[in-house]
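There are 4 protein chains.
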Amino acid sequence: MTLERRRNILKYLRENLWVNLAIIGLALLSVGLLVYELSADLLIEQVAFIHTLDLIIAMIFLLDFGAGLYLSESRKIYFKQNWPDLLASIPITGGIYRSFRVLRLLRLIRVVRIIARIRRVAVVADKIADNSSKYIYIASITATVILAGAVSFFSVEFGPNPNVANFFDAVWWAVVTATTVGYGDIFPITWEGRLIGMVLMFFGIGLVGTTAGLVGNHFLNRRP
Amino acid sequence: MTLERRRNILKYLRENLWVNLAIIGLALLSVGLLVYELSADLLIEQVAFIHTLDLIIAMIFLLDFGAGLYLSESRKIYFKQNWPDLLASIPITGGIYRSFRVLRLLRLIRVVRIIARIRRVAVVADKIADNSSKYIYIASITATVILAGAVSFFSVEFGPNPNVANFFDAVWWAVVTATTVGYGDIFPITWEGRLIGMVLMFFGIGLVGTTAGLVGNHFLNRRP
Amino acid sequence: MTLERRRNILKYLRENLWVNLAIIGLALLSVGLLVYELSADLLIEQVAFIHTLDLIIAMIFLLDFGAGLYLSESRKIYFKQNWPDLLASIPITGGIYRSFRVLRLLRLIRVVRIIARIRRVAVVADKIADNSSKYIYIASITATVILAGAVSFFSVEFGPNPNVANFFDAVWWAVVTATTVGYGDIFPITWEGRLIGMVLMFFGIGLVGTTAGLVGNHFLNRRP
Amino acid sequence: MTLERRRNILKYLRENLWVNLAIIGLALLSVGLLVYELSADLLIEQVAFIHTLDLIIAMIFLLDFGAGLYLSESRKIYFKQNWPDLLASIPITGGIYRSFRVLRLLRLIRVVRIIARIRRVAVVADKIADNSSKYIYIASITATVILAGAVSFFSVEFGPNPNVANFFDAVWWAVVTATTVGYGDIFPITWEGRLIGMVLMFFGIGLVGTTAGLVGNHFLNRRP
Numbered sequence: 133m134t135l136e137r138r139r140n141i142l143k144y145l146r147e148n149l150w151v152n153l154a155i156i157g158l159a160l161l162s163v164g165l166l167v168y169e170l171s172a173d174l175l176i177e178q179v180a181f182i183h184t185l186d187l188i189i190a191m192i193f194l195l196d197f198g199a200g201l202y203l204s205e206s207r208k209i210y211f212k213q214n215w216p217d218l219l220a221s222i223p224i225t226g227g228i229y230r231s232f233r234v235l236r237l238l239r240l241i242r243v244v245r246i247i248a249r250i251r252r253v254a255v256v257a258d259k260i261a262d263n264s265s266k267y268i269y270i271a272s273i274t275a276t277v278i279l280a281g282a283v284s285f286f287s288v289e290f291g292p293n294p295n296v297a298n299f300f301d302a303v304w305w306a307v308v309t310a311t312t313v314g315y316g317d318i319f320p321i322t323w324e325g326r327l328i329g330m331v332l333m334f335f336g337i338g339l340v341g342t343t344a345g346l347v348g349n350h351f352l353n354r355r356p
Numbered sequence: 133m134t135l136e137r138r139r140n141i142l143k144y145l146r147e148n149l150w151v152n153l154a155i156i157g158l159a160l161l162s163v164g165l166l167v168y169e170l171s172a173d174l175l176i177e178q179v180a181f182i183h184t185l186d187l188i189i190a191m192i193f194l195l196d197f198g199a200g201l202y203l204s205e206s207r208k209i210y211f212k213q214n215w216p217d218l219l220a221s222i223p224i225t226g227g228i229y230r231s232f233r234v235l236r237l238l239r240l241i242r243v244v245r246i247i248a249r250i251r252r253v254a255v256v257a258d259k260i261a262d263n264s265s266k267y268i269y270i271a272s273i274t275a276t277v278i279l280a281g282a283v284s285f286f287s288v289e290f291g292p293n294p295n296v297a298n299f300f301d302a303v304w305w306a307v308v309t310a311t312t313v314g315y316g317d318i319f320p321i322t323w324e325g326r327l328i329g330m331v332l333m334f335f336g337i338g339l340v341g342t343t344a345g346l347v348g349n350h351f352l353n354r355r356p
Numbered sequence: 133m134t135l136e137r138r139r140n141i142l143k144y145l146r147e148n149l150w151v152n153l154a155i156i157g158l159a160l161l162s163v164g165l166l167v168y169e170l171s172a173d174l175l176i177e178q179v180a181f182i183h184t185l186d187l188i189i190a191m192i193f194l195l196d197f198g199a200g201l202y203l204s205e206s207r208k209i210y211f212k213q214n215w216p217d218l219l220a221s222i223p224i225t226g227g228i229y230r231s232f233r234v235l236r237l238l239r240l241i242r243v244v245r246i247i248a249r250i251r252r253v254a255v256v257a258d259k260i261a262d263n264s265s266k267y268i269y270i271a272s273i274t275a276t277v278i279l280a281g282a283v284s285f286f287s288v289e290f291g292p293n294p295n296v297a298n299f300f301d302a303v304w305w306a307v308v309t310a311t312t313v314g315y316g317d318i319f320p321i322t323w324e325g326r327l328i329g330m331v332l333m334f335f336g337i338g339l340v341g342t343t344a345g346l347v348g349n350h351f352l353n354r355r356p
Numbered sequence: 133m134t135l136e137r138r139r140n141i142l143k144y145l146r147e148n149l150w151v152n153l154a155i156i157g158l159a160l161l162s163v164g165l166l167v168y169e170l171s172a173d174l175l176i177e178q179v180a181f182i183h184t185l186d187l188i189i190a191m192i193f194l195l196d197f198g199a200g201l202y203l204s205e206s207r208k209i210y211f212k213q214n215w216p217d218l219l220a221s222i223p224i225t226g227g228i229y230r231s232f233r234v235l236r237l238l239r240l241i242r243v244v245r246i247i248a249r250i251r252r253v254a255v256v257a258d259k260i261a262d263n264s265s266k267y268i269y270i271a272s273i274t275a276t277v278i279l280a281g282a283v284s285f286f287s288v289e290f291g292p293n294p295n296v297a298n299f300f301d302a303v304w305w306a307v308v309t310a311t312t313v314g315y316g317d318i319f320p321i322t323w324e325g326r327l328i329g330m331v332l333m334f335f336g337i338g339l340v341g342t343t344a345g346l347v348g349n350h351f352l353n354r355r356p
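Chains as they are written, first to last, in this note's numbering: chain W, 133 to 356; chain P, 133 to 356; chain Z, 133 to 356; chain D, 133 to 356.
It should be emphasised that the hints constitute simulated quantities derived from the structure, not laboratory data. Note that CB positions come from ideal geometry on N, CA and C, so glycine has one too. Any given hint could turn out to be false.
[Claimed, not checked] Not everything, but these chain P residues come out facing chain D in the computed CB check (under 8 Å):
1) Gly314
2) Gly316
3) Ala344
Required output: the full structure, derived from the provided sequences and hints.
If you want it as structure tokens, here you go:
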């Protein structure tokens, strides 16, 4: 393949709306599967089915990463910019879980994998933002960070924390934390949950700062 | 009627102080009626009386919307800008409530209707702001959003939530949330209440940002 | 007296460091007396002594206001700018309290009187700020507002609220509220306390905004 | 020694990476020793060992301060800028503790000493910031303030406060407070703890303001 052709295909893969929507859809499906597996009492066959689905998603992410790496002009730069996509495609199935028996660590790996997948939503938003408004961009990043925070929080706190009864509780907690409201009706009790909380809190400060910066800029550009 | 005359009547309807005050008064009366109906143990005749009053208010809003639509130069643009006024005038009476028996959804419709009415307060504030200070404008918007948040919160949380005993509790909660203080003495327990809370929280971040922007701008313009 | 002389004496009264320090000292003494009277179980003679002291302070404030009014060039403008000083000098003694028996309202009047006195601290800070840094000015205003919030909160919540055991609890609450942290260990339970809380919260948003504006301005002026 | 030589040695002591890393390491070791001594049930010999270690650290800080004072061109200016380093090297051993028996005050002295040591981390960050990004500088200051807040809070609240079970609880509290989230799961109950909390809260407001200023500046410089 000529360099020109490779560049065109890569551009298509990265900028085509349907490819991006499919990737976002798969990322959200991952979230749904993890939440469903953690919160419902499932039969062993159902777990196996979910793990197979997750394996397929991982394969698609691996394929996407591999294709990008093959097609890119500089593999080193591509790897540097897209290594989270490799994390997103670690193919861990139910069988491996049982043999290792280090469940807590594996749960963490799964969360990292899903966050790496959710990250793609922000990457797509970044591209759209070049052509459109800053406000859409900030809204997408905020939604992505809150979703990532909620799914991580849910994975580590559902079970140990009696105040977290379903995934919407985790979303509510993530919003209450990232906006620095902090009612205290739900708060992390595991140290992993607290680390996730700290990240969300500092993101929240950044969000207030960015909003203030945007609004300030808006006033400066409009008035003179 | 000539175009000129229609334009003049419409301008009068939209800019006359007494018409605007009447509309704001009716909007606040709606809030009062809803709060009173929800929090007091009423006889069937009293409920009927309130619903009749509400029907009259809805008719006035419908009339106002209809007159505006008839008098406007472009009906399409008018509809696009003022469709919430149509929501504000849905005439649902007590009789219809009972026949449908989908009470929760209907309660939501009533809240939407009342928020659409409260919105008029912000629209009037927007007009006044053209001639006067930005600070009055922001204060009006803030008051409107907090009132809308409080009345929505009261409608969905009064009853299920033991911490919400009267409408002032809901106002207190709305202020504590929109300023991102978040004591946690009152917090939503229904998912509708949480959605309302999320909207108020993000509005609160915007409020801090706007205040920061205004103050920053003030320092920039004054000092040089 | 010639206009020139009157102006000079007024200037001396308003700008002399020792006069200002004495006024601030009297304002803080008022706070101390109110807090002490409310929180300690006092004998009837001790209450009488405190009321006498407070009467003397009120007289000094009245004298200061009267002298300013007499010496000013335009009495109308002076009254417009300094009417809170008149509030600060309402001479209500213990005897009057008992005869009226509308204790809650009277408590509110006393709080208003003390806030009007504390206001003088901010007025002095405003004058100092003309000659010195903006940061000192903002710090003084913040300290004044928090002190005023704490003393008002203490007056209405000490007694009804079991979480407010001493004046330092009220100061702690005022800081936690004005910084929008809002732990929820102490929160108002009376409606007067909630109104005070709302004022402090909105002041807190303004404080964050002002800090952001100052820092933003600082970066803008320094970097180019 | 010539002035030139003294200046060179001082510059080496202050700017050499390894010297700075050693000082930061000793500061963090101090934190660790204090936390360990307070939270573990130790034998009398172990306490003695920790105190000896702390004495050695104090000696090194004293030596560093003394060397700097000796080598500096103007001893007066050096003292003015570095007096917290002298606080950091007060050599209080276990024996002195027991003879005085004013344990609470001594605990406070130790905290002041450790905060003075942690301060060196910020000083080093300040130097690095001259050559590198503002963001690294703000992050270092934030980390230093939160660490200092956590260790102070831990020293005064561990024991009296049943919600503070280990040092990580104190770090969590410090982050929740400095970001103005304020869940209320952990809050100070001693007045020293509350004072520490107030400092952290106002630092938090400054942090939001600084972030807003930086972001606002970023938007201003980028867009034109």
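Hints, verified against the model:
A cut of 8 Å between beta carbons decides the hint on Gly314 (chain P): the least distance to chain D is about 7 Å, and the hint holds. For Gly316 (chain P), the suggested interface contact is upheld, since its CB lies about 5 Å from the closest CB of chain D, less than 8 Å. Residue-level restraint check for Ala344 (chain P) holds (minimum Cβ-Cβ distance to chain D is 5 Å; threshold 8 Å).
In summary, the structure agrees with every hint in the numbered list given earlier.
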